[in-house]
Amino acid sequence: MKSLAELEQIRKQTLERINLRKEDKADVTRIVIGMATCGIAAGARPVMHAFMDELNKRQLQHVTVSQTGCIGMCRLEPMVDIITPDGNKVTYVHVKPEMVPRIVAEHVVNGRPVQEYTIGAAEDQ
Amino acid sequence: MRDISLHLSDIVQNSITAGASLVEVTFRLDGAGVLRVTVRDDGCGMSPELLERVQSPFTTTRTTRKVGLGIPLLTQNARLSGGDVRLQSELGVGTVIEADFHTDSIDCLPVGDLAETMATLVLSNPDRPDFHLTCASPSGEMQFSTEEIRQALGGVSLAEPEVYQWMLSSLREEIEPILGGIMK
Chain G
1 MKSLAELEQI RKQTLERINL RKEDKADVTR IVIGMATCGI AAGARPVMHA FMDELNKRQL
61 QHVTVSQTGC IGMCRLEPMV DIITPDGNKV TYVHVKPEMV PRIVAEHVVN GRPVQEYTIG
121 AAEDQ
Chain F
1 MRDISLHLSD IVQNSITAGA SLVEVTFRLD GAGVLRVTVR DDGCGMSPEL LERVQSPFTT
61 TRTTRKVGLG IPLLTQNARL SGGDVRLQSE LGVGTVIEAD FHTDSIDCLP VGDLAETMAT
121 LVLSNPDRPD FHLTCASPSG EMQFSTEEIR QALGGVSLAE PEVYQWMLSS LREEIEPILG
181 GIMK
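Keeping their order, the protein sequence lines are chains G and F. Just so you know, the first sequence maps onto residues 1 to 125 in this note's numbering. Just so you know, the second sequence maps onto residues 1 to 184 in this note's numbering.
Only chain F is shown next, with the shape it has when bound in the complex (with noise of 0.2 angstroms):
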């Protein structure tokens, strides 16, 4: 993966397959260059069993392959950084990963174009779940919520075109000011 919004997109995958009603995204940039990504969502969650064994690229859900490399490879370039990540998960209630970034490393990923990442997953899974998506830094915080848009859309489906681009607009114009520093 050549950044970490990449990542996200795959990440919010084992939410989606979870059955997760919300997905909540967090980026905090805190003033000593630490970036969190928090994903949690109230899917099924994992038994303390798969819990130990997720982490292990041999270790997947599916049915057709052995392999899952999702959480290895985002492990991978959390580490890099000097970061790392860590998971909790309760059967019946959800999961929660999240994975730091040291941004001053130059082994850090860029978080690349957020944005697009974001309007592609509802662009996907326009009826459920639910995104939240919090951006924070010294430079100040952005909120997102596609229930608020799906609300305002009164029944129009979240795929339509128009509205994917009017997503992608609006999540672009507000990331800038709080990631632009790290976004490339």
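If we strip away everything but chain G, and leave its shape as in the complex, we get (with noise of 0.2 angstroms):
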């Protein structure tokens, strides 16, 4: 395996950044991700690369990404779920690796969903 020293640097700098971030556990935003079968067929992981991606690039403490499986609308995936702090979940639906910086950008940051990924606009379609 590549050199495991870096590990010890990458370990003090995520310590620092988690200490910042356990002061206020209840901000955390939660964007989940559906990879079954389906969602992985219809290209679900290299979004959730381009959330990671995303995330990184913006330093963005108070959020994390995590997977769940098929919820049973496997012609929408791949799909995202995000869920603010104040208990809000936001669907989206068709989700793709160049659609992520701008749902981080507008949702994630700024708390305006992008209305026209989500899944209220694709059904009205």
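The hints are simulated quantities; they were obtained by calculation from the structure and are not laboratory data. Misleading hints may appear alongside valid ones.
Claimed, not checked - Pairs of lysine to any residue residues, derived as SDA-like cross-links and limited to a Cα-Cα distance of at most 25 angstroms, are as follows:
hint	chain 1	residue 1	chain 2	residue 2
1	G	K57	F	S169
2	G	K57	F	E174
3	G	K12	F	Q151
4	G	K57	F	D30
5	F	K184	F	D30
6	G	K96	F	G82
7	G	K12	F	D127
8	G	K57	G	Q13
9	G	K96	F	Q151
Said to hold, decoys possible - Distance ranges between label pairs, derived from CB positions:
hint	chain 1	residue 1	chain 2	residue 2	range
10	G	Q59	F	L51	14 to 22 angstroms
11	F	C44	G	K96	21 to 29 angstroms
12	F	T17	G	E123	46 to 54 angstroms
13	F	E173	G	T64	23 to 31 angstroms
14	F	Q165	G	R30	37 to 45 angstroms
15	G	L4	F	L91	32 to 40 angstroms
16	G	Q13	F	E52	31 to 39 angstroms
17	G	G120	F	P138	52 to 60 angstroms
18	F	P48	G	R30	36 to 44 angstroms
Note that the Cβ used here is the ideal one computed from N, Cα and C, for glycine as well.
Fit chain to chain and form the complex, with the hints in mind.
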């Protein structure tokens, strides 16, 4: 494996960052990506990578990325739920990696969901 | 599925659902161009009856729907290349799934972004299970183990963005020289 010594550096940096985060645990925004057979086949894995990339670029502290299984609307995959600290959940459908920077900037950072990518907009069509 | 690494993302999910504490993934390319992908877990295992039915798309352990396509799709793609899939399982011991792909066949899927698959698997399952990855070909061999990373990080979660980026770049760098010829 690549030098494990580098991990020591990462550990120190991350610990500092985590300490910042611990003070206000309630402020965490959760990004949940559907990663069952249907989600993966539709391209969920590059979407998950795009979210991690964007969070890393912006050094966002209060955001976690996780995965879930199939929730039964396979035709709308890849699907992403964003649950903000106020408890509101917005579901994005047919998500592509190119859409991720805008979702992070407008929704995660500025609190305004990107309406045109949401399940509501897709079902109206 | 467009490549073998996407199948892996999917198949490993079965090991996680089975409560595995260690998932060992191996990609071994021999001199004759046969790629053997093995996933071995120490999860709950399957009874002989379930093992017999598991190749059917109408078998699934979930209760919400009556279809499960992970293993049938993998089998279809392995067979398209002239290979096949084998399963061994024992209740309380674990499961081994082994898929052979003939990489010189025009119908063989590319390996795809195996580094991204492994990094996203660890990211989504930071506490359990541990993952081992071995890639081997006539050009060399590489090993990756989340146990070692966990130890080096001393309590920092494997899901932290910095750790994810490190795993991804480290995996990319090490897999490329070994499986580079069949990745795309």
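Now for the hints, and whether the structure bears them out:
In summary, the hint linking K57 (chain G) to S169 (chain F) is supported, as the alpha carbons are separated by about 15 angstroms, within the 25 angstroms threshold. Proximity of K57 (chain G) to E174 (chain F) is assessed by CA-CA distance (about 24 angstroms); at most 25 angstroms being required, the pair is judged to hold. Distance hint between K12 (chain G) and Q151 (chain F) is fulfilled; the C-alpha atoms sit about 14 angstroms from each other, no more than 25 angstroms. A threshold of 25 angstroms between alpha carbons decides the hint, and for K57 (chain G) with D30 (chain F) the separation of about 40 angstroms lies outside it, so the pair is violated.
Of the supplied pair hints, the one linking K184 (chain F) and D30 (chain F) holds, its CA atoms being roughly 18 angstroms apart against a limit of 25 angstroms. Proximity of K96 (chain G) to G82 (chain F) is assessed by CA-CA distance (about 33 angstroms); at most 25 angstroms being required, the pair is judged violated. For the suggested pair K12 (chain G) and D127 (chain F), the alpha carbons sit about 19 angstroms apart, so the restraint of at most 25 angstroms is met. Between K57 (chain G) and Q13 (chain G), the direct Cα distance comes to roughly 15 angstroms. Compliance with the 25 angstroms bound is thereby established for this hinted pair.
At most 25 angstroms may separate the alpha-carbon atoms for a hinted pair to count; K96 (chain G) and Q151 (chain F) exceed this at roughly 35 angstroms. As the Cβ distance of Q59 (chain G) to L51 (chain F) is approximately 48 angstroms, the hint placing it in 14 to 22 angstroms is violated. The beta-carbon spacing between C44 (chain F) and K96 (chain G), approximately 36 angstroms, falls outside the hinted interval of 21 to 29 angstroms. Between T17 (chain F) and E123 (chain G), the C-beta spacing of about 30 angstroms breaks the proposed range 46 to 54 angstroms.
Against the hinted window of 23 to 31 angstroms, the Cβ-Cβ separation of E173 (chain F) and T64 (chain G) comes to about 27 angstroms, which satisfies the hint. A C-beta distance of roughly 20 angstroms is found between Q165 (chain F) and R30 (chain G), which places it outside the suggested range of 37 to 45 angstroms. Take L4 (chain G) and L91 (chain F): their Cβ atoms lie about 37 angstroms apart, and the range 32 to 40 angstroms holds. A hinted range of 31 to 39 angstroms for the beta carbons of Q13 (chain G) and E52 (chain F) is inconsistent with their spacing of about 51 angstroms.
For G120 (chain G) and P138 (chain F), the hinted distance range of 52 to 60 angstroms is satisfied, since their beta carbons lie about 54 angstroms from each other. Take P48 (chain F) and R30 (chain G): their Cβ atoms lie about 41 angstroms apart, and the range 36 to 44 angstroms holds.
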